[in-house]
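Engineer: The UniProt record's numbering puts the last residue of the sequence shown at 199; the count rises by one with no breaks.
The set of hints was computed from the structure by calculation and includes no laboratory data. By construction, the Cβ of each residue, glycine as well, lies at the ideal position given by its N, Cα and C atoms. Mixed in with the good hints, there may be bad ones.
Just the calculated beta-carbon pair ranges, DEER-fashion [what the hints assert, rightly or not]: (1) N59 with L33: 19 to 25 angstroms; (2) C130 with R81: 23 to 29 angstroms; (3) Y47 with S74: 43 to 49 angstroms; (4) K157 with K82: 50 to 56 angstroms.
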Amino acid sequence: MAECCICDGKEKIIFDLGCNHISCQSCFKDYLLSTLQEFHFKNRPPYGFTVSCVYPECNRVVQDVHHFHVMGQSSYSEYQRKATERLIAIDDEGVTCPNPSCGQSFFWEPYDDDGRSQCPDCFYTFCRKCTERDCVCQSEDDLTRTTIEATTRRCPKCNVATERNGGCAHIHCTSCGMDWCFKCVTEWKEECQWDHWFN
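The task is simple: from the sequences and hints, build the whole structure.
Structural biologist: Now the structure itself:
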(Lines of atoms letter the chains of each structure in order from A and count residues from 1; the text may use other names and numbers.)
(Lines give C-alpha, C1' and ligand atoms only; values in the text may rest on other atoms or scores of the structure.)
Protein backbone atom coordinates (compact mmCIF):
# COMPACT_ATOMS: atom_id res chain seq x y z
CA MET A 1 0.00 0.00 0.00
CA ALA A 2 1.27 3.42 -0.97
CA GLU A 3 -0.11 6.92 -0.62
CA CYS A 4 -1.31 8.84 -3.70
CA CYS A 5 0.28 12.30 -4.03
CA ILE A 6 -3.05 13.72 -5.28
CA CYS A 7 -5.87 12.32 -3.12
CA ASP A 8 -3.71 11.05 -0.20
CA GLY A 9 -5.56 7.74 -0.43
CA LYS A 10 -3.77 4.46 0.20
CA GLU A 11 -4.08 2.07 -2.72
CA LYS A 12 -2.73 -1.30 -3.80
CA ILE A 13 -2.55 -0.37 -7.48
CA ILE A 14 -0.30 2.62 -7.85
CA PHE A 15 1.75 4.28 -10.57
CA ASP A 16 5.32 5.21 -9.75
CA LEU A 17 5.97 8.03 -12.20
CA GLY A 18 9.76 7.87 -11.91
CA CYS A 19 10.10 11.16 -10.03
CA ASN A 20 9.28 10.06 -6.45
CA HIS A 21 5.60 10.90 -6.98
CA ILE A 22 3.08 8.10 -6.76
CA SER A 23 -0.48 8.22 -8.06
CA CYS A 24 -3.41 5.91 -7.48
CA GLN A 25 -5.07 4.37 -10.53
CA SER A 26 -8.18 6.55 -10.26
CA CYS A 27 -6.32 9.89 -10.04
CA PHE A 28 -3.88 8.94 -12.81
CA LYS A 29 -6.70 7.82 -15.10
CA ASP A 30 -8.70 11.04 -14.49
CA TYR A 31 -5.57 13.12 -15.15
CA LEU A 32 -4.84 11.30 -18.43
CA LEU A 33 -8.44 11.53 -19.66
CA SER A 34 -8.59 15.29 -19.02
CA THR A 35 -5.22 15.71 -20.75
CA LEU A 36 -6.43 13.64 -23.70
CA GLN A 37 -9.58 15.73 -24.06
CA GLU A 38 -7.51 18.85 -24.82
CA PHE A 39 -4.51 16.85 -26.07
CA HIS A 40 -2.04 18.52 -23.75
CA PHE A 41 0.45 15.74 -24.37
CA LYS A 42 3.90 17.07 -25.24
CA ASN A 43 6.53 15.50 -27.47
CA ARG A 44 9.48 14.68 -25.24
CA PRO A 45 12.06 12.58 -27.11
CA PRO A 46 12.93 9.80 -26.51
CA TYR A 47 9.62 9.09 -24.73
CA GLY A 48 7.31 10.37 -27.46
CA PHE A 49 4.10 12.22 -26.64
CA THR A 50 3.71 12.15 -22.88
CA VAL A 51 2.42 14.19 -19.93
CA SER A 52 3.95 16.01 -17.03
CA CYS A 53 3.84 14.37 -13.63
CA VAL A 54 0.41 14.51 -11.94
CA TYR A 55 1.91 16.44 -9.04
CA PRO A 56 1.40 20.14 -9.91
CA GLU A 57 4.84 21.45 -8.84
CA CYS A 58 6.78 18.67 -10.62
CA ASN A 59 8.27 19.38 -14.04
CA ARG A 60 9.24 15.79 -14.84
CA VAL A 61 7.41 13.80 -17.50
CA VAL A 62 5.95 10.31 -17.44
CA GLN A 63 8.64 8.23 -19.12
CA ASP A 64 6.67 5.03 -19.66
CA VAL A 65 3.76 5.74 -22.01
CA HIS A 66 2.53 2.18 -21.50
CA HIS A 67 1.03 3.53 -18.26
CA PHE A 68 -1.53 5.24 -20.52
CA HIS A 69 -3.31 1.90 -21.01
CA VAL A 70 -5.09 2.70 -17.73
CA MET A 71 -7.38 5.01 -19.78
CA GLY A 72 -8.98 1.99 -21.44
CA GLN A 73 -8.63 0.64 -24.98
CA SER A 74 -10.76 3.28 -26.72
CA SER A 75 -9.03 6.26 -25.09
CA TYR A 76 -5.59 4.68 -25.51
CA SER A 77 -6.30 4.19 -29.24
CA GLU A 78 -7.37 7.85 -29.48
CA TYR A 79 -4.13 8.88 -27.72
CA GLN A 80 -2.08 6.83 -30.21
CA ARG A 81 -3.95 8.30 -33.19
CA LYS A 82 -3.56 11.90 -31.98
CA ALA A 83 0.10 11.38 -31.09
CA THR A 84 0.77 9.93 -34.54
CA GLU A 85 -1.02 12.84 -36.24
CA ARG A 86 1.02 15.37 -34.23
CA LEU A 87 4.28 13.58 -34.93
CA ILE A 88 3.50 13.41 -38.63
CA ALA A 89 2.53 17.11 -38.66
CA ILE A 90 5.88 18.22 -37.20
CA ASP A 91 7.90 16.12 -39.64
CA ASP A 92 8.57 17.23 -43.24
CA GLU A 93 8.15 13.67 -44.46
CA GLY A 94 4.74 13.25 -42.84
CA VAL A 95 1.31 13.40 -44.47
CA THR A 96 -2.31 12.74 -43.63
CA CYS A 97 -4.21 10.71 -46.22
CA PRO A 98 -6.38 13.09 -48.29
CA ASN A 99 -9.10 10.45 -48.72
CA PRO A 100 -12.09 11.95 -46.82
CA SER A 101 -13.11 8.54 -45.47
CA CYS A 102 -9.61 7.72 -44.16
CA GLY A 103 -7.46 10.46 -42.57
CA GLN A 104 -4.62 8.06 -41.65
CA SER A 105 -1.31 9.80 -40.87
CA PHE A 106 1.91 8.28 -42.16
CA PHE A 107 5.37 9.06 -43.51
CA TRP A 108 5.80 9.44 -47.28
CA GLU A 109 6.63 6.23 -49.06
CA PRO A 110 6.92 6.59 -52.82
CA TYR A 111 4.39 4.30 -54.51
CA ASP A 112 6.59 4.33 -57.59
CA ASP A 113 8.82 6.92 -59.23
CA ASP A 114 6.02 8.98 -60.79
CA GLY A 115 5.67 11.38 -57.82
CA ARG A 116 2.71 9.55 -56.29
CA SER A 117 2.24 7.96 -52.88
CA GLN A 118 -0.18 5.39 -51.49
CA CYS A 119 -1.86 5.34 -48.08
CA PRO A 120 -0.91 2.14 -46.24
CA ASP A 121 -4.33 2.00 -44.59
CA CYS A 122 -6.89 2.57 -47.38
CA PHE A 123 -4.52 2.20 -50.40
CA TYR A 124 -5.65 5.58 -51.78
CA THR A 125 -3.05 6.72 -54.35
CA PHE A 126 -2.37 10.45 -54.70
CA CYS A 127 0.15 13.05 -55.84
CA ARG A 128 2.83 13.86 -53.24
CA LYS A 129 2.95 17.47 -54.42
CA CYS A 130 -0.73 18.51 -54.41
CA THR A 131 -2.32 15.45 -52.67
CA GLU A 132 -4.93 15.13 -55.43
CA ARG A 133 -5.86 11.72 -56.82
CA ASP A 134 -6.04 12.94 -60.42
CA CYS A 135 -3.51 15.74 -60.69
CA VAL A 136 -1.75 17.50 -63.49
CA CYS A 137 1.40 18.43 -61.53
CA GLN A 138 3.61 16.03 -63.45
CA SER A 139 2.34 17.16 -66.85
CA GLU A 140 2.65 20.82 -65.77
CA ASP A 141 6.24 20.15 -64.69
CA ASP A 142 6.96 18.50 -68.04
CA LEU A 143 5.44 21.46 -69.90
CA THR A 144 7.49 23.93 -67.83
CA ARG A 145 10.66 21.95 -68.51
CA THR A 146 9.89 21.88 -72.27
CA THR A 147 9.26 25.65 -72.31
CA ILE A 148 12.51 26.35 -70.46
CA GLU A 149 14.47 24.15 -72.85
CA ALA A 150 12.90 25.87 -75.89
CA THR A 151 13.40 29.47 -74.71
CA THR A 152 16.76 29.34 -72.93
CA ARG A 153 20.37 28.49 -73.61
CA ARG A 154 22.86 27.29 -71.02
CA CYS A 155 26.00 29.25 -70.26
CA PRO A 156 28.91 27.28 -71.78
CA LYS A 157 31.00 27.79 -68.63
CA CYS A 158 28.65 27.31 -65.64
CA ASN A 159 25.59 25.75 -67.33
CA VAL A 160 23.08 28.27 -65.89
CA ALA A 161 19.93 28.55 -68.02
CA THR A 162 19.63 32.03 -69.53
CA GLU A 163 16.66 33.57 -71.31
CA ARG A 164 17.11 36.26 -73.95
CA ASN A 165 14.06 38.46 -74.41
CA GLY A 166 15.33 40.67 -77.20
CA GLY A 167 18.32 42.77 -78.14
CA CYS A 168 21.80 41.63 -79.03
CA ALA A 169 22.97 37.99 -78.75
CA HIS A 170 25.85 39.05 -76.47
CA ILE A 171 25.20 37.58 -73.02
CA HIS A 172 27.11 38.41 -69.86
CA CYS A 173 26.54 35.60 -67.34
CA THR A 174 25.84 37.05 -63.91
CA SER A 175 26.63 33.71 -62.33
CA CYS A 176 30.20 33.13 -63.57
CA GLY A 177 31.01 36.36 -65.46
CA MET A 178 31.57 34.77 -68.86
CA ASP A 179 30.65 36.71 -72.01
CA TRP A 180 29.08 34.38 -74.56
CA CYS A 181 26.92 34.28 -77.67
CA PHE A 182 23.29 33.25 -77.23
CA LYS A 183 23.07 31.94 -80.81
CA CYS A 184 26.42 30.07 -81.03
CA VAL A 185 26.49 29.11 -77.32
CA THR A 186 30.25 29.73 -77.34
CA GLU A 187 32.53 32.36 -75.86
CA TRP A 188 31.69 35.81 -77.29
CA LYS A 189 33.83 36.88 -80.26
CA GLU A 190 33.58 39.93 -82.48
CA GLU A 191 32.57 37.62 -85.34
CA CYS A 192 29.39 36.74 -83.42
CA GLN A 193 28.28 40.34 -83.61
CA TRP A 194 28.93 40.53 -87.36
CA ASP A 195 27.41 37.11 -88.09
CA HIS A 196 24.24 37.50 -86.01
CA TRP A 197 23.60 41.21 -85.65
CA PHE A 198 23.90 42.33 -89.22
CA ASN A 199 22.55 39.22 -91.00
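Engineer: It remains to establish, for every hint, whether it holds in the given structure.
Structural biologist: Each hint tested on the structure:
1. N59 with L33: 19 to 25 angstroms: For N59 and L33 the Cβ distance comes to about 22 angstroms; the hint holds.
2. C130 with R81: 23 to 29 angstroms: Between C130 and R81, where Cβ atoms are some 25 angstroms apart, the hint holds.
3. Y47 with S74: 43 to 49 angstroms: Hint violated: Cβ distance 23 angstroms, outside 43 to 49 angstroms.
4. K157 with K82: 50 to 56 angstroms: Since the Cβ atoms of K157 and K82 sit about 55 angstroms apart, the hinted range of 50 to 56 angstroms holds.
Hint compliance for this structure: hint 3 alone is broken.
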